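Enquirer: Protein sequences, first through last, are from chains A and B.
For what it's worth, our numbering labels the leading residue of the first sequence as 1, then goes sequentially.
For what it's worth, our numbering labels the leading residue of the second sequence as 1, then goes sequentially.
Just so you know, the hints here were simulated from the structure itself, not pulled from any lab data.
Predicted model only: the values in this text are computed from it and were never measured.
Even glycine gets a Cβ: it sits at the ideal position worked out from N, Cα and C.
You may find that some hints are simply not true.
[As the list claims (entries may be wrong)] Some chain A residues well away from chain B (every beta-carbon gap over 12 Å; in silico):
#1 Pro88
#2 Asp274
#3 Glu368
#4 Thr410
#5 Pro469
#6 Thr947
[Said to hold, decoys possible] Have a look at the derived ranges for each label pair, beta carbon to beta carbon:
#7 B/Glu440 / A/Arg694: 51 to 57 Å
#8 B/His478 / A/Gly60: 45 to 51 Å
#9 B/Asp248 / A/Pro467: 54 to 60 Å
#10 A/Glu865 / B/His51: 39 to 45 Å
[What the hints assert, rightly or not] In silico EDC-like links for lysine to aspartate or glutamate, alpha-carbon gap of 16 Å or less:
#11 A/Lys657 / A/Glu366
#12 A/Lys298 / B/Glu107
#13 A/Lys336 / B/Asp476
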Amino acid sequence: MRALLVFVIMAAAPVRGVDFEREIRPLLADRCVECHGAKKQKGDLRLDAKPFAFKGGHDGAAIVVGSAAKSPLYQRVSSDDEDERMPPKGEPLTKEQIAAIKAWIDAGAVWPENEADKAAAVDKRLQHWAVQPVRKDFGAADGIDDFITAKLAGQRLTMSREADRRTLIRRLHFDLIGLPPAPERVERFVNDADPAAYAKLVDELLASPHYGERWAQHWLDIAHYADTHGFERDQLRPNAWRYRDYVIESLNTDKPYDRFLREQIAGDVIAPDDPKAVIATGFLAAGPWDFVGQVETKSDMLKRAARALDLDDMVTQTITAAMGITINCARCHDHKLDPITQEEYYRLWAVFAGVTRGERDADRREAERSAGGRARLNKELAQARTEIAKLAGDGLDLADMVGGGDGRGTGVSGRGIHLRTGNLITEKLGYHRDIQTNRLQTIAWPGEPKGALRLVQFVFVPDGRSPVPVAFQREVEGVPATSGHTWDILRNGPLNAQRTTVLDGTDYAAKGHTILGMHANSGVTFDLARIRESSGLTTMRFSGVVGFGAEPSAAASRADFSVYVDAGQKFQKLKMRKDEVASLDIAVPADAKTLTLIATDGGDGIGSDLLFLGDARLSADVTQIQLAAADEARLTRLRARAKQLERDIGALPVVPKVYAVVSESVPAVVRVQRRGNPEDPQQEVAPGAFAWARHAPAALGDNAAPEGERRRALAEWITHPDNPLTRRVIVNRLWHHHFGQGLVNTPSDFGLGGGAPSHPELLDWLAAEFAKSGWSLKHMHKLIVMSAAYRQQSATPDAKPSNDSSNRLLWHQNPRRLDAESLRDAVLSVSGKLNPEKGGPGYRDFRYTEAYAPIYDYITVDTPELWRRSVYRFVVRTTPPQFLTTLDCPDPANLTPARNVTTTALQSLALLNNEFMLQQAGYFAERIAGEHAIERVFALAFARQPTLDERRAAEALVRKEGLAQLCRMIFNSNEFIYVD
Amino acid sequence: MNPNHLSHAGRWMLSRRDFLRWGGTGLSGVALSSLLANDKMPIRPPIDSAHPFAPRQPHFAPKAKRVLMIFCSGALSHVDTFDYKPELVKRHDTPMPGGGLVTFQGENGNLIKPLWEFKPRGQSGKMVSDLLPNLAELADEMCFIHSMTAKSNTHGPAENQMSTGFTLDGFPGAGCWATYALGSECADLPAFVAIPDPRGVPQVGSNHWNSAFLPAVFQGTAFNADKPIPHLARPDTISAKSDRATRDLINHLNERHLAEHPGDTQLAARIASYEMAARMQLAAPEVSDLASESPGTLSRYGADDTQNQTKAGFAKNCILARRLLERGVRFVQLFNGAYAMGEGVGNWDGHKKIADQYALHAPILDQPCAALLRDLRERGLLDDTLVAFVTEFGRMPTFQKGANGRDHNPAGFTVWLAGAGVKRGHSYGATDEFGYKATENVATIYDLHATILHLLGLDHERLSFYHNGIERRLTDVHGHVIHDVLT
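One chain only, chain A, in its complex shape (with noise of 0.2 Å):
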């Protein structure tokens, strides 16, 4: 011990002593705090308070104990070299100052700690309201309108007063329901006695099923919810729709908030066998998913550029929608305004890290009921047909003809022939277009010996909008219409991208069967006459089956099938599902001369429709066969049995998919990404949240978590009942749809750069009265409602207060304006074309064409499938329609928790000159012609009487011009596009 301290002694002893606060801490505050304190922190590095300045910077410790010549604080302040040294502005400092932090660094940089020291030591962020749990304790204050009037009062500012019925029953109606209120419910409430009528009206308005329709899309704004992929080759999503329809019933039936969130994390995990919590994981899966990163590129590299895009969306999407906080942030870096940390970031991906979004059954126990009879089903049909087979002989293989040979195995497998030269060739192809479609293309035989069979005559690529020649002069019927594109060719064996190679549980891959690729759009045609010539057979019989082989999770696609006997058609399977396959059996008469099989599109263009044919052969007619009696018998019995079977499998019921999470067993190990980059993998991280909200432990799980009780732990950590964001984040959501603003005026950023709650108590007292409630949302729309603040009037007298000009305080109402689809689907009920259908896939106001990046051009939508609710449209993602865009629908490539209100020049000429507009302008006029035409008018979009003045200027404008020209006119006005 005592030599320990003599050593310490020892090599102390050449220094002199410092006196930090009167030579470092003021020559630190004069030289350095400029760019390395609060304001600036150059190199991210503070030296203004002691925690800080041992913390170090960008670039590691600064001031290293004990050796000054090992601290880069010492070695920049006194460098030679001018580019070096610091302070880089103005005089260096003087020989002594160096000196003196030489010695105070080598003496052990003692710094006493002052109050400032003290106080930086402390993260003030953890102190951030949000993060604070829940007031229990409100005085006095009970009920919304103490807590409004207190405020007001503050600022000697009162309540404006309650409203007409005319405009709250025209307010809650768009406010609840989304629509417009009919006239006679507008007259029943004016005139209603009881003192309870407002009351009733609003009971009766969130009991109808178009509360839920009005109050899911601000739900599907937040979720980024479209039914396209997005990215460049914006695919469709067709079962997306269920969860858009899952937020509208959930809704509706007032489920608790807790279980909506947790059924949308991790529903599938919680509630397996109950097909609306599977469906409610489509919300992980609503925004947008890139195909070509996904799945196309054969770069490494690009696949985990567009996974991490999908993990950072998927988390972002959960955390902004529940929480408020806006995670992202620290995808490169720890968080600059909030504290969270980088790690805990990616701690969020290994929450997901085994989900990926695709196609999946809704109702797991009826997809494997229905796949278990499926199964049986076709089990016993393969079986007749190996009956058949063995009866009637193995026939002729198609597939192999088209590899070049005889039907007999002599062709050679995976060759194939080039649509466009009829070349026979071995390398994959892959998209055609521009290709003349309905031209024959005779074979080349390049290379083949002479007296080679050559069975296959023509290919060609088939477009059904005219005539489609087969062979020389024959010409046939009845083919679809087709995009007149291709991919790769006819192939003996699987295409290229062909991603599967089995047909209702038969691999026709392995031994014994067959495979012949075709994809659409694409026809051949075999020569009988040669076929007959080379085999013996005379009259035959055509079998096999059909179907995809595409990917199970690829976009939903369909495509068609057809068989031709010479001109005659014998087969047509149209608008074939990719789960689909169909049998063929077909008679094969002895004079036929040709047999030409074609696969089309199913007009959605020749995305994923990778069609081939399963052992398709032709054989022997059974009546061609010598066979006993008894086998003649058996194999009629059996063709007949098995075409019973076919039938059977085509009436099994289709089990509903749904666009949501797929689960991989295995989940990848997720590590941080140095500055975001996925080439520059850190140190692993297991499964957490981030530990700024208090409320229960980060930590969700190790890595050997199965991924699902990851998911279900986080939508445990995030609607447990004291975490303090949650319940507030939801309420205020509600009260900004209520009044235009919420109490947090940023209501997806409740983190330190977001806005401060102007009624801080009432928001808590809000997200007290929800937990009370059960998590009820429709107990927390009747308490805003019923409100006096929400009831006041928004006009407001000329003489505005100077001290609330932006009305934080809530001395009115604030007028707003109808959202885009709230506007179309007013003009829609208003007009009386409103089509009240629900739920189900969405209406598509597009053409679509198939193409590298779909096309979606836009249509005018006058038909009745066009005119339901605004909710229920088919949402691409890239296109979006330029009618609701100029009205500030938004990009569904953003969470929205907030329209924007623009006001421009084209959204004036859009509602003016619009042909939809104008077309219900038009059906407005018909519905309401006749007598006292004007007042069912203002009726109908106002809820009021039009005044003596207004009913005049009316009246010439419709002698003069028309009623259309009136109703064209209220579509205009701000009276209808605002709700007061």
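Let chain A serve as the given structure and place chain B on it in line with the hints.
Expert: Frame of chain A, contents of chain B only:
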């Protein structure tokens, strides 16, 4: 009352009252200097909701008042146009050293020399190929950046990046940012006009001009010489008299409604928007009507070419671009190439038969675009207009294996600037000896955008919009102004 704080709290526009109280016609001198004093603080332009396009002051004195961005969709090959590589000629049809690269469509074959001969041009002697002979003659006007790099080798994301700064969908176009910052100098026309190619729109379509999270008022308006602004014209079924009577009544009713809500700026703004619409209905057809252009002008641009309809169509778009710039439109984005027709057919995506494809496309671009540049110069517009000629990425110095075309190459490509504030006849940066990778003064699209904003008098690090908790910028958190290209 600092509008910065207001918009930080989620409000992008000031109420008229706040706007007037705070500054009047934009950033007042005092306010501006107080903002600029803090050199990190984001600047969100104060916008009068009733006049969102009113001209606003830039952050510092600008060199350019407006921008013309010419966008060649499909990736124009730099090694066949502006980036001369003698080594490529020497090593023609030999493997690229260290090659064996797998790029977007797969494996690459040998190095292939430029398919068009390079010659020295103008006083600068800049080597430019014969593919674009008319543009080549203007080499002395151009400031080439040969060391461009893009983040994606896929058209969609790369187009996104060149126009919006981000490879993802959902970000505002550069033109939206410019008009958000500066408003417009033209009261009767849209502030930002996108002019699609006569053949259609580029791969990511309206992403180029979408306002995304910026207010829709700053969205680009797409029209060209063939296709007018949607819904601009009064429908044929409605007579002028009838239309006027209807709109008078709208106004009457709206004024009445406003009287019940005195001082409501949004309602007042809607009334103003109908007035603006009426002015635009007069001004937009006028600007699109080329009848007042002389036959000489039409012929210089090639707009009278009866043999090549696409070229004539693009030439008309070029004239339209000039007319818009003349009238003070802030940002014009002129597209050459479209995607609906497929790879290489209507655009510069020459994978398979680049010689044939480019021989078709080049004449469509060359004469009209060169005439536009000359016309701008002759009318003095180049003095305060910045021209940026861009494409989403470059092409490989090799041919693809088994094909006669070049694959995508985001590692090095060329763009050029001309006009206000940029050096004439200057070249900046370079690719390696084959034109494969940018090696000298490597530039990013962020740098290019930072430079464009700088020329408009805007600090790219400070021009921002608060969205979902993030101060969004055109240049994300990157970008450096390329000072070497500035005069």
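Enquirer: Hint by hint, which ones does this structure get wrong, listed from lowest number up?
Expert: Numbers 6, 8 - these are the hints that the structure violates, sorted from lowest upward.
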